[in-house]
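*Asks:* Starting from the given sequences, assemble the full structure and let the hints guide the process.
Numbering of the sequence shown is given in my numbering, commencing with residue 1 and proceeding in unit increments.
Don't take each hint at face value.
Unchecked claim - Below, simulated BS3-like cross-link-like pairs (lysine-lysine); rule was C-alpha separation at most 27 Å, straight line:
#, residue 1, residue 2
1, 86, 45
2, 86, 75
3, 46, 75
4, 50, 75
5, 45, 75
6, 86, 50
What the hints assert, rightly or not - FRET-style restraints, in silico, Cβ to Cβ:
#, residue 1, residue 2, range
7, 39, 18, 53 to 63 Å
8, 19, 60, 23 to 33 Å
9, 30, 78, 51 to 61 Å
10, 118, 75, 19 to 29 Å
11, 39, 108, 42 to 52 Å
12, 71, 101, 50 to 60 Å
13, 111, 85, 44 to 54 Å
14, 75, 12, 17 to 27 Å
15, 83, 26, 15 to 25 Å
Derived from the structure by calculation, the hints contain no laboratory data.
We put the beta carbon where it would ideally sit given N, CA and C, even for glycine.
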Amino acid sequence: MRSAPRHSQKGLSFIGFVLIAVLAVAVFAIGGQSLPMWLEYQAAKKASQKAANEGTTVPEVRNIFDRAAQIDDIKSLRGQDLDVSKVNERVVVGFEYERDIPLVGPAYLVYRFSYQTN
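*Replies:* Following this line, the structure appears as structure tokens:
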């Protein structure tokens, strides 16, 4: 009597499936919290560029930024957080801030944002 040739099993094991599922959930959870932060940073860049183009004095630049921040729902920055200066008669606006995402226990994912207009 001859036995049939053995074939190794192919495919994904249950443990492999669970690990991939946990990894996918983590990526989507972190990405879901990171996307609004990135969109807020893009809005802050746009608002600071607008303030630099339209404003001529420091209070005016900060007021323009605050109005744009109110419209674009920017909560991480205010006009008084901006670094406003003049370089060669051009208004330069810059900012730095950080936001974090709590992961597990004492672990955080920290984003540091900074920008300066040209």
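*Asks:* Evaluate each hint against the coordinates.
*Replies:* To see whether the hints hold, each was checked on the structure:
With a C-alpha separation of about 18 Å, the suggested pair residue 86 and residue 45 falls inside the 27 Å cut-off, and the hint holds. For a cut-off of 27 Å, the pair hint linking residue 86 to residue 75 stands: about 26 Å separates their Cα positions. Restraint check for residue 46 and residue 75: satisfied, since their Cα atoms lie roughly 14 Å apart, inside the 27 Å limit. Note on residue 50 and residue 75: the hinted pairing holds, with a Cα-Cα distance of about 17 Å set against a maximum of 27 Å.
Taking the CA atoms of residue 45 and residue 75, the gap is near 13 Å; set against the 27 Å cutoff, the hint holds. Between residue 86 and residue 50 the alpha-carbon distance is near 15 Å, which keeps this suggested pair within the 27 Å criterion. At about 32 Å, the CB distance of residue 39 to residue 18 disagrees with the hint of 53 to 63 Å. Separation of residue 19 from residue 60 is about 55 Å and departs from the stated range, judged on CB atoms against 23 to 33 Å.
Restraint check, residue 30 to residue 78: a C-beta distance of roughly 27 Å breaks the suggested window 51 to 61 Å. Judged by the Cβ atoms, the range 19 to 29 Å given for residue 118 and residue 75 holds: they are separated by roughly 26 Å. Range check, residue 39 to residue 108: about 20 Å between beta-carbon atoms, so the 42 to 52 Å window is missed. Roughly 25 Å separates the CB atoms of residue 71 and residue 101, a value that falls outside the hinted 50 to 60 Å.
Restraint check, residue 111 to residue 85: a C-beta distance of roughly 25 Å breaks the suggested window 44 to 54 Å. Taking 17 to 27 Å as the suggested C-beta distance range, the pair residue 75 and residue 12 does not conform, at roughly 43 Å. Judged by the Cβ atoms, the range 15 to 25 Å given for residue 83 and residue 26 is violated: they are separated by roughly 36 Å.
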